[in-house]
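K.L.:
Residues per chain are reported as follows:
There are 2 protein chains.
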Amino acid sequence: MSDSSTTKYLLDESQLSEAWYNVQADLPTPLPPPLHPGTGQPIGPEDLAPLFPMELIKQEVSQERYIEIPRAVQDVYRLWRPTPLYRARRLEKALDLPERVKIFYKYEGVNPSGSHKPNTAVPQAYYNKQEGTARITTETGAGQWGSSLAMACAFFGIDLKVYMVKISYAQKPYRRAMMETWGAECVPSPSMDTNAGRAILAADPDSTGSLGIAISEAVEDAATREDTKYSLGSVLNHVLMHQTVIGQEAIKQLEMADAEPDVIIGCAGGGSNFAGLVLPFMPAKFAGSKTRIVAVEPAACPTLTKGVFAYDFGDTAGMTPLLKMHTLGHTFMPAGIHAGGLRYHGMAPLVSHLYDLGYLEAQAVKQVAAFEAAITFARSEGIIPAPEPTHAIRVAIDEALLAKEAGEARTILFNLSGHGAVDMAAYDTFLSGSLQDYEHPDEAIEEAKTHIPVVG
Amino acid sequence: MSDSSTTKYLLDESQLSEAWYNVQADLPTPLPPPLHPGTGQPIGPEDLAPLFPMELIKQEVSQERYIEIPRAVQDVYRLWRPTPLYRARRLEKALDLPERVKIFYKYEGVNPSGSHKPNTAVPQAYYNKQEGTARITTETGAGQWGSSLAMACAFFGIDLKVYMVKISYAQKPYRRAMMETWGAECVPSPSMDTNAGRAILAADPDSTGSLGIAISEAVEDAATREDTKYSLGSVLNHVLMHQTVIGQEAIKQLEMADAEPDVIIGCAGGGSNFAGLVLPFMPAKFAGSKTRIVAVEPAACPTLTKGVFAYDFGDTAGMTPLLKMHTLGHTFMPAGIHAGGLRYHGMAPLVSHLYDLGYLEAQAVKQVAAFEAAITFARSEGIIPAPEPTHAIRVAIDEALLAKEAGEARTILFNLSGHGAVDMAAYDTFLSGSLQDYEHPDEAIEEAKTHIPVVG
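Protein chains in written order, with this note's numbering: chain A, 115 to 570; chain B, 115 to 570.
Here chain A stands alone, though its shape is the one from the complex:
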C-alpha cells in the first residue's frame, strides 16, 4: 500500500473499531477516585445518576479493557470514519526535511462539525436515548463541542440546551448558527436561566463567562430537571475512552505505511483529542516502548507545565465532584486566546495521572508561534487547522527541524483534531499582525492555586 508518493492512508469501513480501548485496565497504578465535595469520600454511581445515564457511569469506572461500540453508534461513525492518516509529504518538502525525518498526521476534521468531538457526542447521545433522556444540557467554549453534541442529538432525537461562554457566543456566531441549524437551543453564559448564572451576573453584570461558569450552569440545569441529563465533552474517563477510535485507527494506518512513531503529539486542553490519539499506544509504552508522547498546551493556560496535581473542582462554582488532576485552580481565568478549546483550568484525570507517572511529556506553546506553524502547514498541506491543533503542529515542526539539524531519523505523528473554517477570524488577526501572545505572571498563577480545596 505504501510507496514513495503515498500521502493518504485510508482504512476500509470494515476496519472501523468495534470496541473502545479502556486504558484503566492496563494502568500500572489505579486512577485516584473522584471525591464527593461535601464528604470528601469517593463518590458512587448514585451520586452521578442525576447527571448521567447509568451506562456512562459504568464506563467511567470500568476496568474492562475493551467496551463494545453499539451498532447504532458505529452506523453514525461510518458516515465519516475511518478518518484518513496523512503522510505530510508537502510539509516535509516545505521544511526541506531529509527522508529519514517523517511527519504523519491523523485528521479528525472530516465530519460535519469539523473536529474530533462527535466521537464521544454520538455515543453519549445514544446512551441517553436508550435510557429515556428527553433533554440534555451542556456547556461549550469555542463551540466545537456544543455543535458536535447538537448534531448527535439531532441524529437521535433529543432536545439540547447549550450554555456557551458569553465572549465566544459574541465572537463565534457561526458556531452558534451551526448548533441552531442542528436544532439545539444556545444561550450565552452566564445566563439568567440558572442560580449559578444569576449569582455571577449579580456580582459582575459584564462577565464574559468561562468554561467553568458554563459547566456550573449546565450541571445545575440538569440536576434540577427530571427529564434532563448533563453531557461533558472532555476530561472524564468515558469521554476519553470514546476518543480512542482515533489512536486505534492510527495504529492500523501506520502499519500500512510501515512506520513506527518516535514521537506522538497532541494539543491538550481538557485532554480528549490528545488522549484519543495516544491512549491506544499506552500498552506498548507501559511495556517499555521508547516512543515519546507529548501533550502541547497553550502558554496562556499551562495546566501541566505550571499547575499542581491535586483534587480540584471541574467547574467554577464548585458543584462538580473533586477530581485528582493537574490544575491551575478552578477560579483561574485563562487569557482570551483563540484556541478556546484549550482554555480549561484543569486536565483530564487520566492524562494527569499518566503525566504524573512519567509516561508523558508536556510543552507549552505561545499562540503566535502556533499560527506561524499553521500558515506553513496550510500552504503546503492545504488544510487550515483549527486554532487548537496549531499548537501540536508547532511542536511537530520543531521536532522535525531538531531531528534534521541533529542528523537523526525521526518519525513524528500528530493529531490534527479539526479544521479552522469557522475560526478564520483568528487567522485574520494573525495575518494582520495584531495577534498577541499571552502569559500569566507567575504570581497570578500562584494566587489562583490558593483556591484549590484542601482535601484529605
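It should be emphasised that the hints constitute simulated quantities derived from the structure, not laboratory data. Quick reminder that beta carbons are idealized off the backbone N, C-alpha and C, glycines included. One should not assume that every hint holds.
Capping the alpha-carbon separation at 20 Å, the derived lysine to any residue pairs in SDA-like fashion look like this [claimed, not checked]:
hint	chain 1	residue 1	chain 2	residue 2
1	B	399	B	177
2	B	480	B	545
3	B	563	B	422
4	A	243	B	208
5	A	122	B	122
6	B	438	B	159
7	A	122	B	125
8	B	366	A	207
9	B	207	A	297
10	B	172	B	183
11	B	122	A	204
12	A	366	B	124
13	B	438	B	563
14	A	366	B	126
15	A	122	B	124
16	B	207	A	186
17	B	122	A	207
18	A	207	B	207
19	A	207	B	185
20	B	438	B	449
21	A	172	A	122
22	B	420	B	471
23	B	243	A	204
24	B	122	A	246
Negatives, chain A to chain B, calculated, CB over 10 Å [said to hold, decoys possible]:
hint	residue
25	119
26	312
27	376
28	559
Starting from the known structure of chain A, fit chain B onto it as the hints suggest.
P.N.:
Showing chain B alone in chain A's frame:
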C-alpha cells in the same frame, strides 16, 4: 459491497480518474464557437493566448473524448479524492420514504476549501506553472472559487490576486481570510486598481460590485501584464471538463450500490458543479437513456428558465469573447441571495447547448424553500450544505415526495457541491425568520435582455 445499511460508497485511490471526459467528442451537434467582440468572427487560440496557458486553450476546443490528467494534478486530487457517494438513508427515513424511493448524493465538500472548485483550480494552476506563469488573476463572488484557486496556487507556487465582489468581501470575511491564509491577495471589486474598476466607481462610488464587474477587472489586469494570466472558475469548456471527475466517480459508486438513477440533479450558476456530475452520464443520454437530468437555478437568477439562448458577453464591461449561452443579459444584476455562486447572468455554453437540444430540464427554486430543505437535510444527514446546493436538495426532496405520493419507484442522485461552514450567516438569517425570497419582475428581466448584443 452494498447491504441494507450501507450509507457511504468509497472508491480506492487506484480508482481515481486518469482522464477527464470531454463531452464535445460526443455532442450530436457541435458547440457554437465563441466570437470576437470586435469582428464577430470565431476567435482563435492567439486571441486567448494573453489570458490562458496554451494547454487550456487547446482543451477549450478539443474534440478528444478523454484528456489525460497529469500525474502532479492527480497527486493533489488524491489528497481528498475519490470523494464519497452517500445513500441518504437518514434523510429517506426523515421523509418516511418507501424503499422503492432512494436518494443518493455525491459529496464534494471534503477538501480544505469545502467545494468542488479545486477540481479545476488545481489543473489550471498546474498548467500555468508548466508554462511559466508567475501570477494569476481571478474574480470571486461568495469566495468558493477564489479560495480554491488560492489553495491551488499555494500548492504550485504561483502568486494570485483575487477581485472579490465588494458586497461579499464585506459579508464573508472568513472567505477572504482563507484566501490570505493560502497566500493570495484579495481586494474588493470594483477597485481602484483597474480602468474597469475606476470607471464603475466614478459612475457609482457606492457600487457593491458584481461577478461581471470583477471579471472585467481580473481580465484587464491579466491582459495588461506580461507575467500574468487569468483564470475562470466556471462557464468555460475546459473548466466543466475538469469537473467531470465527479460524475465519473459517481458512476462507479452507483455500480457498487447496484443503483441506476432515474433523475440526476445539480444546482447551476455558471454550470460547473452541475456539468461535473452530469456530463459523464451524457453518452447514455445521447444513446436514448430515459434518465432525467435537472439543472436547478435560483428564482432570483433564472438564466435557463427565463433567459434567452444568444451570444452575450461573459462580463459586465464587455471585454470577454461573446459566448452562445442562456443569458439574462450581461448587465443583469441578480438580487443579493445567499447562494452567491449562483448569481451569474449567463450559463455555461455547454450546459446551454445541451439544454437547447432538449437533453436537460431546468427548475427555478426560491431560497426560503431551499433553506427549509437544507435544515431537513442537516438534521438527518449531518452535513450543513453550502447555500448553492440547497437548491439541488430542494428538488431532490420534491422528486422523492412526488414519487412516494405517486406510488412510483425512483432513484435520485444529486450533487452536494460543498458544505456551508463558512456560510452560517445565511442559516442565521433563515433561522431567525428574516430570510426573504427575491424574484425580479418580468419587466426588469426583459429590460436587461435588450442589452444583449445583436450578433450575426
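K.L.:
Indicate, hint by hint, whether the structure satisfies it.
P.N.:
Quick rundown of the hints versus the structure:
Our distance criterion of 20 Å between C-alpha atoms is met by residue 399 of chain B and residue 177 of chain B, whose separation comes to about 19 Å. Our distance criterion of 20 Å between C-alpha atoms is met by residue 480 of chain B and residue 545 of chain B, whose separation comes to about 16 Å. A C-alpha spacing of about 8 Å is found between residue 563 of chain B and residue 422 of chain B, which places the hinted pair at or below 20 Å, so the restraint holds. For the given pair, residue 243 of chain A sits about 18 Å from residue 208 of chain B by alpha-carbon distance, which is consistent with the 20 Å threshold.
Under the criterion of a C-alpha separation no larger than 20 Å, the hint pairing residue 122 of chain A with residue 122 of chain B is consistent with the structure, at around 18 Å. Distance hint between residue 438 of chain B and residue 159 of chain B is fulfilled; the C-alpha atoms sit about 18 Å from each other, no more than 20 Å. Between residue 122 of chain A and residue 125 of chain B, the direct Cα distance comes to roughly 13 Å. Compliance with the 20 Å bound is thereby established for this hinted pair. Of the supplied pair hints, the one linking residue 366 of chain B and residue 207 of chain A is violated, its CA atoms being roughly 34 Å apart against a limit of 20 Å.
As the CA atoms of residue 207 of chain B and residue 297 of chain A are separated by approximately 17 Å, the hinted pair is consistent with the 20 Å bound. Of the supplied pair hints, the one linking residue 172 of chain B and residue 183 of chain B holds, its CA atoms being roughly 14 Å apart against a limit of 20 Å. Between the alpha carbons of residue 122 of chain B and residue 204 of chain A the distance comes to roughly 29 Å, so the proposed pair goes past 20 Å and is violated. Restraint check: the Cα-Cα separation between residue 366 of chain A and residue 124 of chain B comes to about 18 Å, which is no more than 20 Å; the hinted pair holds.
For the hint linking residue 438 of chain B to residue 563 of chain B, the alpha-carbon distance of about 14 Å falls within 20 Å, and the restraint holds. For the given pair, residue 366 of chain A sits about 17 Å from residue 126 of chain B by alpha-carbon distance, which is consistent with the 20 Å threshold. A distance of roughly 14 Å separates the Cα atoms of residue 122 of chain A and residue 124 of chain B; the hinted pair therefore holds under the 20 Å criterion. Under the criterion of a C-alpha separation no larger than 20 Å, the hint pairing residue 207 of chain B with residue 186 of chain A is consistent with the structure, at around 15 Å.
Among the hinted pairs, residue 122 of chain B with residue 207 of chain A is inconsistent with the structure: their alpha-carbon atoms are about 33 Å apart, more than 20 Å. Under the criterion of a C-alpha separation no larger than 20 Å, the hint pairing residue 207 of chain A with residue 207 of chain B is inconsistent with the structure, at around 47 Å. For the given pair, residue 207 of chain A sits about 18 Å from residue 185 of chain B by alpha-carbon distance, which is consistent with the 20 Å threshold. For the hint pairing residue 438 of chain B with residue 449 of chain B, the CA-to-CA distance comes to about 24 Å; that exceeds 20 Å, so the pair is violated.
With a C-alpha separation of about 37 Å, the suggested pairing of residue 172 of chain A with residue 122 of chain A is violated against the 20 Å cut-off. With a C-alpha separation of about 17 Å, the suggested pair residue 420 of chain B and residue 471 of chain B falls inside the 20 Å cut-off, and the hint holds. For the suggested pair residue 243 of chain B and residue 204 of chain A, the alpha carbons sit about 17 Å apart, so the restraint of at most 20 Å is met. Taken as a hint, the residue 122 of chain B and residue 246 of chain A pair is broken in the structure, with Cα atoms around 29 Å apart against an allowance of 20 Å.
Not every Cβ of chain B is farther than 10 Å from the Cβ of residue 119 of chain A; the closest lies at roughly 6 Å, contradicting the non-interface assignment. Listed as outside the interface, residue 312 of chain A is consistent with that label: its C-beta sits roughly 26 Å from the nearest C-beta of chain B, beyond the 10 Å cut-off. With a closest Cβ-Cβ approach of about 25 Å to chain B, residue 376 of chain A is found to remain outside the 10 Å limit, as its non-interface label requires. Non-interface call for residue 559 of chain A relative to chain B: holds, since the shortest CB-CB distance, roughly 33 Å, exceeds 10 Å.
Hints 8, 11, 17, 18, 20, 21, 24, 25 from the list above are not met by this structure, while the remaining hints are.
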